[in-house]
Amino acid sequence: MDVNTLAWAVLLLPLLVAASILLGLKRWSGLSSLVSTGSALFTLVMCIMLASGDDGTAMPFHWIQLDDGNFTVDIGLTLNKLSKGMMLIVTLIGFLVHLFSLAYMKDDKGKARYFAGLSLFMFSMTGIVLANNFVMMFIFWELVGVSSYILIGHWFHKESAADAAKKAFLTNRIGDFGFMIGILLVWVLTGSIYFEEIKEAVGGVKNLTLLNIAMICVFCGAIGKSAQLPLHVWLPDAMEGPTPVSALIHAATMVAAGVFMLARVSFIVDITELAATVISTIGALTALVAALMALQQNDIKRILAYSTLSQLGYMVMAQGIGHGGSEAGMFHLYTHAFFKALLFLGSGAVIYACHHRQDIWDMGGLRKKMPITFWTFAIGTAALIAVPFTSGFWSKEVILETALHEGKMLPYVCGMIVAFLTPFYMTRLVIVAFTGKSRTGDADHAKEVGPIMWIPLAILAFMAIFSAYSFISGPFQANGHADIGHLFSHIGLTAILSLVGLIVGVGAAVFLYKGKDEDPISIPLFRDKFYIDEIYNGIVRVFQDAVAAFLDIADRFIIDPVVARAPAVGAMMAGSFLRVFQVGNVQAYAFMFGAAVVALIFFLIL
Amino acid sequence: MTFLFYIFAAFALIGGIGVVVYRNPVSSAFSMILSFLGLAALFIQLNAYLVGVLQILVYAGAIMVLFLFIIMLINVEDEEKRRFPFFSFLGAGGIAVAFIALLAVVLKRFAPGEATIPKLTALEGPGTSDTHQVGELLFSTYWFPIQIVAILLLVATVGVVVLSKKELK
Amino acid sequence: MPVYFLEIIVVALGLVMLMVDAFVKLEDKRSIAWIGMLGLSVVFLLLFQVKGPENTDAAFWQFYSANDTTALFFKGIAVLTTLIVLVMAVDYSPVVVDQTAKPEKGAHPQSGLGEFFALPMFACAGLMWMASANNLVSIFVSLEAVTITFYILVTYLRRNVGSLEAGVKYLILGALSTGFLVYGFAWLFGITGSMDLAEITTALAKPDINTTAALFAFALILMASAFKVGAAPFHLWIPDVYQGAPTPITAFLSVGSKAAGFIVFLRLATPFLASEPIVGKVTMVLTVVAALTLLFGNFSAIPQKNFKRLLAYSSIAHAGFLMMALASAPDKLVEGSKLTPVTVIAFYLGAYLLMTLLAFLVMSTMRKVQVSEEIDSYRGLAKRSPFLAFALLIAMASLAGIPLTAGFWGKVNVFLLAIQQKEWLLVIVGLIGAGAGFYYYLKIAASMYLSPTEKNDDTSAIAISPLSRVTMIALIVAIIAAGFAPGLIFGLMG
Amino acid sequence: MSILEIIVFLPLLAALVIGLGAPARATALGVSIAVLFASLVTAICFAPSVEGTMQMLSSRALLDLPGFPKLSLAFGLDGISLVLLLLSAIVMVAAVWIAPQESAIKKGSAKLYYASLLLIGGGAIGAFCSTDLFFLYAFHELALIPTFLMIGIFGHGENRVKTAWTITIFLGVGSLILLVGLIAAVVALGGSTFAVADLIALAKNPETGIAVDSQKWIFPLLLVGFGVLVSLFPFHSWAAPAYSEAPTPVAMLHAGVLKKFGLYGLIRIAMPLVPAGAEMYLNVILVLLLGNIIYLGLVTVAQKSLDRMLGYSSVMHMGYIFLGVAAGNALGLSGAVLLMFAHGISIALLFALAGWMRDRFGTLRFDELGGVAKSLPKLGLMFGFAAFASAGLPGFANFAAEVAVFFGAFQGEGETIGWLRWATIIALWGVVISAVYMLRAYRHLFMGPKPAKLETGADITWAVRIPVLLLVITLLLVGFIPETLNQFIRPAVEGILLIKAG
Amino acid sequence: MELTLNHFLFVSGILFAIGLSGVLLRRNLIVIFMCLELMLAAANLTLVAFSRFNLQDGQPDYDGHVLLFFIITVAAAEVAVGLAIIVALFRNRETTDVTKINSMKF
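Residue numbers (the numbering used here), protein chains in the order written: chain A, 1 to 606; chain B, 1 to 169; chain C, 1 to 494; chain D, 1 to 502; chain E, 1 to 106.
Isolated chain A, as found in the complex (with noise of 0.2 Å):
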């Protein structure tokens, strides 16, 4: 197979077997799921050949043309350094979550449904990430919120999962409603949709001023995907969805399309210093916004969510802070996409063991009941919270350093800040989760996983620690600033409060919570997140279900009554009134005659 027909079966094959899926192969679910996985496996061994093979692009197909050919809008798949590294994470993670849950969801009754709405999500995945030009992005970008929504809704008939799945289309749609004007904007500044021609034309661009608002409007698409302050409100909520979908949305797809985007954009982002500080502000708020409300967490799963909000921040305001941040940004996406995936398949694991407990408090005990998710798990929270020599360490270094370098201080200390609260908060979770005694009846009979379950845990425990080191990080393309022995030889600041943050945050969640039963502390405005939700439900019902209901009532009342009705009113009234005349008296008519004549000649004559 050559690059081309390569390209695009990576990108065809997950549709074709979602589509096929849909039209039939459910019937016969186990073999969908089966389908569905090996579809993965295959894709990813095509991403592996074309990781070897050649940048360019595929032959694009035309999807629309316009305004006779000037305006044409390709479907066109582009590999380079970027989109290559990116695709083998996609693929890998996909994959291994594929795995995971031919074991996870074995008993599911749509299963066929999960592994339909899967591969959907790996097509779109793909498509945002070969894509050439924004609108083809800004179509796999909506798909990817489609597939999202299909997955967090599995359960659609728990109202939970149903809210919870509207409300990441809706945040999405908010998000994509910037991104759709920045597109725009960036089109009518530049006169092109295509990255390529964008990066010529964007030295050119006389306006600036429009240029940042249209990059910080393209931002605002990746506020909604990647969850960033203020719409980080569905990725919590997306907790409904069976744990492996976590897994997928809060490692490799999705969230990560927002950070991946920017990198697409970086040439933008690099002369356009306003937009830059936006994001980099807007990153960094939500790493540390994310922290706080995760240490008052208890579902185990919104403690990864608000986790991942964290690390997510740092990826963001690793794209604003300029010059290697964006390299150094999508790096962390790369570490942070294994280990995040093993806590979530781990958490997973450790869910299904308990029999879909998902509290931290109602666990306990699990690390000698399953050793090998304890274990795992353990690694993949080391990786978090940067112990030295993990991948997280690495890349979160990068970050912080870049940041200093440039001199972007609000990021830096906020990223700092956010490094002492990681360790605490994950540290809390592994102690009351896994020691101590079992604290209900499920977590005390929990068992160790199967294997189908247990070996992504151990594959992506494995890359979490050393995902960081060039021998992985070289084929995966991500190498940008994984150069460990640079790293070595700067170890500065930044690194010595790094560990001290680790060690103070370490530290404190053993002495905090070490053998209890329930949460020594409580801080209610962490807990209730900063009030946001609750804040956006009032916004939403003020100002849009309120002023819906005025403006329903002014319709009915208002333009309805005016533009049909009072005419038919009046032509009503016109009419009984005009019936007066009809008397029925003769001599009334002829009276009517005669002064109507009078009256016509009074008004011929004079």
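Some hints here could point you the wrong way.
[Said to hold, decoys possible] What the simulated footprint calls covered on chain E by chain A, stretch by stretch (three residues with Cβ under 8 Å from a Cβ of chain A suffice, anywhere in the stretch; the number is not a length):
no., region
1, 14 to 24
2, 95 to 106
[To be verified] Cut-off 27 Å, straight-line C-alpha distance, at most; resulting in silico cross-link-like pairs (BS3-like, lysine-lysine):
no., chain 1, residue 1, chain 2, residue 2
3, A, 111, D, 374
4, D, 450, A, 26
5, A, 109, D, 450
Quick caveat, the hints were computed from the structure, so don't treat them as lab data. Built from N, CA and C at the ideal position, the CB exists for glycine as well.
Once you have looked at the hints, place chains B, C, D and E on chain A.
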């Protein structure tokens, strides 16, 4: 001449007013005959002898007799015991006055109306009488309308017969 | 064959019918109508055969316009109307027999029916003369011939209070309008010194004409003409008279009389419109009358509950559209254009004939099964007789001016003319009127199709006589055909 | 007989034949399938040419009198009308096919029902195929009375008669205003012809074109006239109740097909004949279309039952098409035409499913329904397709069209944000709004727990699936490969722009 | 004062107006009908006056007279029919009061 004009005009107008104001239909009918006589005299003053005679024969004679006959036939009582309702009176009078006022304006602006009665220059010799002239016109030039009127009269006859057929009680 | 033979044939037919009624013993006097129908059909066909005379010197032609295709078209309208009125009259005859005087012993049980068929023939002849009349005298006599015949026909149902009342109203107001007409004619004769319309036109066009007197005469004549065609504010008699008159006669009045009234109106108005000094005011008055008519007709119809009365208002409304065409001053017309008030009015009346007669046909058929003429009594007609309901639906659609019916083209032409002449006031009022029209015409459709029947309603099927059915089908086809191809009606104008 | 004459008159004749006694359903279905087939054949035979001129012309002169505009029964297609012809044919098949699912069909005579459907559909087809202004207008009006009867007799709910009145009077008056506008345009162009092509040629010529002074008031007439037919804000209040209470096939045909006539007219008639007028009123149009998108979008959000929500959503989406038209460039117009097609199919699909649900569940109120997708997964899937299509998700035709519209509205010189761009930005928020209400509806109807009272019965059968799939597949096909239709639209739009350019 | 055309026209007009006012004022149908005849007669005076003042070859314009002849004839026919109608009405309703004939209105 002028004197006679005013006399006959007064006849006609007073007769007309009588038609309107007498409560008894029979009185109305008689004052109408008076009015028609006055009119006939005015016609004759205008050298329209045939028309004047016709006015008396047909209108004052035949038509008014018919009216009187019907009044008698259906034996209408003095149904208008009351005076005319004020507003009817006002309305009818108002329209009449307005009409006359407007007519006065029209006549004031109607320059040909200032002409005095022109002299008839060709009233000598046989066949110059108005009866002769009108008769000739009627049965030569106007033969076609005459035919239509004939049909009209036929229709009227049939209609009257149909409408006043005796009712079987 | 010369044109004037047509009237002679019609009159002769009428006489024959009277004779047959009087001297031939007939089982069923309805067969008299057949004489008329057959005769009129022949006359209608002959309309296409006639040609003008070679020699127009004779005195006769002062009173009867020759070589006038418009007149021929209106004669056609008169003949066709009468023909269909006779069809209706046959259906309606039981009512006539019932509502006229009970015959004496030994007399024919249908005594009085023969005249009911014969009189329309004379009216028809009168209408045809009106179409050709080009002299004040012939206009007057033919107009009166028609009017007096209608006095009789409207009052025909002597045992019916409504009919009598309608007759009296028509009589009084008709005579009043005749008075104004005569007075106006006198003045017109006085200031122009002529009875011939052509000469009057020339006389009025002189710049030194006394404008005040001319306008005075115009006002008087306008009153009478407006009365005949039912233009506001001289339309007030129409609803009452239409409601009371026997249904076929109402149809006759609303189509035949109106059509003839319009051609007379046209002929009488033309000299004034051609007169430079007064045309401005004349047009303005016509505009106001047209606008008033549109408003009165259309709005008054909205709250109407009686179907016949509704059609009366509809006839006023249509008079409004016709007046709109008339008021679109012809002095600004494009050279050589056939888009003139005359053609537009003729077309409109042709279309109006088809749709109005169709409605009345349905109505007179319905009269056999129910006395009520309330709109509500058409409830459930769609189930009782889908055909009748459909026929009425088409009639209403056409009256409302729904496209692809003849009525739509009528309106389009009127609007074309009015817009071409920049009569914006009329266009706006016409628009409002036509909009209101949708409502009240569809009210009938709503009653037939949408209203649920109630317990006491008769839901039995309705028998339609074959003759009526054929006529209805012919009218439906004609309405739709003319809706697709208005050229069909224009073609009849030559 | 040319193929277009056959396509146009076949449904009308079929209506007549049904009236005369032919089996109603079989005839209607057969004829509509035949029409669809013939339309597809037409599309295949259609040569997408660069000039975008009319093809498949046929003409029969009907009136040629001096002074009167020349009238002929003339048909022809360009890319735009071809697309709309296809839309009509597809929706008509679906509507006729799904009609027996309506239990309301028993309220009156089936003959009347199917004949009316054919008249509505056939009228729309006739309007799109006509190249004569008069017939273009007249064929559209053919639907007026059948719609009145259909809603009044077979409609849903207590208010159906009132609703029938509202829509009929509204549309009737709207089309009268339109008629006056059209006549005014014809007269202003010399009043010599009704042939659209000739009128356009006259308008193009600076000597015979309409003076700017006249355009100033002719265009508003046309805008209001066409606007009422399209339910342009604030002339929209007929639409939602009518669609929610109409029998399902009528709602499908009306919302899906007939409504597009007004937009078609704006593109085909108003813009070429009175281009200067269109320019003058651009900002007014922008305000009104934002009224459609934002105001009515929010009103849609406030709806409490599916049918009314769909009704309002259909009104709301007209705003986007107007945006494309207002953009007035190739991108915007192509987008508008494509969106007309896409919206037509998707709204027909939504109404088809909603109607089916109303019939089964007895209600469409959100608070009385829920969790339907669990027991009726196929319905849930199909509705999901429809809802996402309507919300403008990629993969469906609507998305491609909306993208084109937005790009069209943004196109132009300059690096500033003018009125049109501001309007576009505001309009983009409508995308969020439509997602809000569509997802809310889906959430309320299909997700969450099922109310105990709700009996769902069996899932959709093939009798429903076939028409539904027909529509879904069309949406997907055009969504994935917009060029299937765009190849026709592009040259046609170019043609119109050439006219505009003069 | 010399007699002028206007004298005749004015008298005619006044008579016409009187007739009109009678039509509006009187209740009795027969009298109303008489007033209508009065109006016709008044119009006739105008006609004759104009005939007399518009000389044709030194003679009055007899066309006017002819028209008048027709008017009288028609009026006679009208009276006949009208009275028949009134009689028919009277037979049915026992009244000739015009204000009572208003069963149909609005």
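Tested hints:
By the rule of at least three residues with a Cβ nearer than 8 Å to a Cβ of chain A, the coverage given for the region 14 to 24 of chain E holds, with 3 such residues. Judged by the Cβ-Cβ criterion of 8 Å, the region 95 to 106 of chain E is covered by chain A as claimed, because 8 of its residues qualify and three suffice. Between residue 111 of chain A and residue 374 of chain D the alpha-carbon distance is near 14 Å, which keeps this suggested pair within the 27 Å criterion. Using a Cα cut-off of 27 Å, the hinted pair residue 450 of chain D and residue 26 of chain A holds, with the two alpha carbons roughly 23 Å apart.
At most 27 Å may separate the alpha-carbon atoms for a hinted pair to count; residue 109 of chain A and residue 450 of chain D meet this at roughly 17 Å.
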